[in-house]
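Q: Chains as they are written, first to last, in the working numbering: chain A, 1 to 177; chain B, 1 to 177.
Be aware that a few hints might be false.
[As the list claims (entries may be wrong)] One-sided and incomplete, this derived list gives chain B residues near chain A with beta-carbon spacing under 10 Å:
id, residue
1, ALA35
2, ASN136
3, VAL148
4, PRO164
5, ARG169
6, LEU171
To be clear, the hints were calculated from the coordinates, so they are not data collected in a lab.
Backbone N, C-alpha and C fix where the C-beta goes; we use that ideal spot for every residue, glycine too.
Number of protein chains: 2
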Amino acid sequence: MRADKARNREAVLAAVARLLEEADDPDEVSMDAVAAAAGVGKGTIFRGFGDRRGLIRTLYDDRVAQSLAPTPPTAESPSDAAVELLTRVWTFKEQHRGLTLALEREGQGSPYQSAGYDRLHADLVSLITRGRGPENAGFLAHALLAAVRSDLVEHLRRQPDGDPLAGLRDLVRQVFS
Amino acid sequence: MRADKARNREAVLAAVARLLEEADDPDEVSMDAVAAAAGVGKGTIFRGFGDRRGLIRTLYDDRVAQSLAPTPPTAESPSDAAVELLTRVWTFKEQHRGLTLALEREGQGSPYQSAGYDRLHADLVSLITRGRGPENAGFLAHALLAAVRSDLVEHLRRQPDGDPLAGLRDLVRQVFS
DNA sequence: ACCATAGCGGACTATCGGTCCGCTTAGGAA
DNA sequence: TTCCTAAGCGGACCGATAGTCCGCTATGGT
Chain A
1 MRADKARNRE
11 AVLAAVARLL
21 EEADDPDEVS
31 MDAVAAAAGV
41 GKGTIFRGFG
51 DRRGLIRTLY
61 DDRVAQSLAP
71 TPPTAESPSD
81 AAVELLTRVW
91 TFKEQHRGLT
101 LALEREGQGS
111 PYQSAGYDRL
121 HADLVSLITR
131 GRGPENAGFL
141 AHALLAAVRS
151 DLVEHLRRQP
161 DGDPLAGLRD
171 LVRQVFS
Chain B
1 MRADKARNRE
11 AVLAAVARLL
21 EEADDPDEVS
31 MDAVAAAAGV
41 GKGTIFRGFG
51 DRRGLIRTLY
61 DDRVAQSLAP
71 TPPTAESPSD
81 AAVELLTRVW
91 TFKEQHRGLT
101 LALEREGQGS
111 PYQSAGYDRL
121 HADLVSLITR
131 GRGPENAGFL
141 AHALLAAVRS
151 DLVEHLRRQP
161 DGDPLAGLRD
171 LVRQVFS
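Throw the hints in and build the complete structure from the sequences for me.
A: The structure is reproduced here in structure tokens:
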């Protein structure tokens with residue numbers, strides 16, 4: 001890869017990350033604004049990332065690799081493992097609110113076709129099956145993941161209502177009981 | 001109100017309802033398409049409903065008044081009342097998938113500032129408080145409502161995974177237990 | 001029958017995501 | 001160091017969309 005290409009790639013990712021976190025709403029961040037902030041032409045972005053979804057997914061994968069990759073499997077009960085998994089997702093979305101809001105709004109507005117979702121869902125189904133049996137495991141996994149959707153995280157950040165992580169633990173333990 | 005205004009209002013509401021249910025994705029339904037289908041000019045729509053959100057909210061309120069208004073309160077336990085409430089919401093969103101998908105995608109993508117949401121949340125908080133106490137009631141109510149979000153309803157309609165209403169009953173009973 | 005005006009509607013604007021192609025420059029070869 | 005080729009750049013451009021505006025129409029009270 002040519003040096004200027006790599007340099008521009010990093011500049012674009014840094015620019016979009018900053019703009020997403022600064023904006024109230026991800027839709028306010030236009031591709032033109034990203035190009036201007038990165039100091040590159042708009043064509044460079046679309047050539048390097050395909051389209052808006054590709055740019056956001058690339059940044060997301062990047063941040064996931066940084067924050068979520070080191071998973072020391074502290075062996076526990078399925079219930080505790082689910083609590084830990086969902087807590088990790090929640091805090092990740094708190095730390096990357098703009099990015100995760102944008103990600104869940106792409107894919108024609110539904111987060112259910114992102115590659116990461118299927119993986120999380122499958123893991124949760126496995127934990128639920130081991131913890132309480134297979135009845136309704138698919139739906140319950142969806143429901144638990146719905147409780148950590150980024151716009152709910154954002155909503156509770158703006159108008160707090162108790163301790164969400166405590167509520168999340170409570171929810172998971174009830175489901176597994 | 002002049003007769004032509006009332007006539008156009010009904011034509012627009014009928015057109016947008018039809019187009020939303022026919023479309024795979026609510027974003028495919030443009031305001032131009034609604035105007036053409038209703039046989040009116042685009043200005044007529046924006047004068048009568050303000051903007052896209054206003055049009056969708058008006059249609060939603062209309063349908064809610066038709067389908068959800070007659071609430072015969074079959075007095076039961078808080079848990080059963082919550083099951084009934086959420087089941088009613090689920091089936092409403094199944095019956096009006098295009099409309100509810102569109103509604104939850106307006107409001108800058110978050111359903112949490114719709115007037116109807118606060119009402120449902122308050123009702124659920126009350127039921128949860130009576131059924132299991134006030135701890136985490138706010139969060140748990142949000143989580144239960146997240147389990148009936150329209151894009152999850154739609155996702156499970158497209159790729160079924162067990163009986164969602166059975167799963168929903170299961171979830172609510174666990175939360176209340 | 002008349003006419004003031006509520007209401008109409010489509011041309012217009014602003015802005016967006018995405019495309020395209022002539023120009024620039026990186027970086028291996030000689 | 002020089003040269004040359006193609007990888008890469010970037011901004012003018014396009015099509016679509018939500019929303020605006022204003023000259024015209026037709027409603028319904030007088």
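Q: Each of the hints needs a verdict: does it hold here or not?
A: We went through each hint and held it up to the structure:
no., hint, result
1, ALA35, "violated (23 Å)"
2, ASN136, "holds (4 Å)"
3, VAL148, "holds (9 Å)"
4, PRO164, "holds (6 Å)"
5, ARG169, "holds (9 Å)"
6, LEU171, "holds (5 Å)"
Hint compliance for this structure: hint 1 alone is broken.
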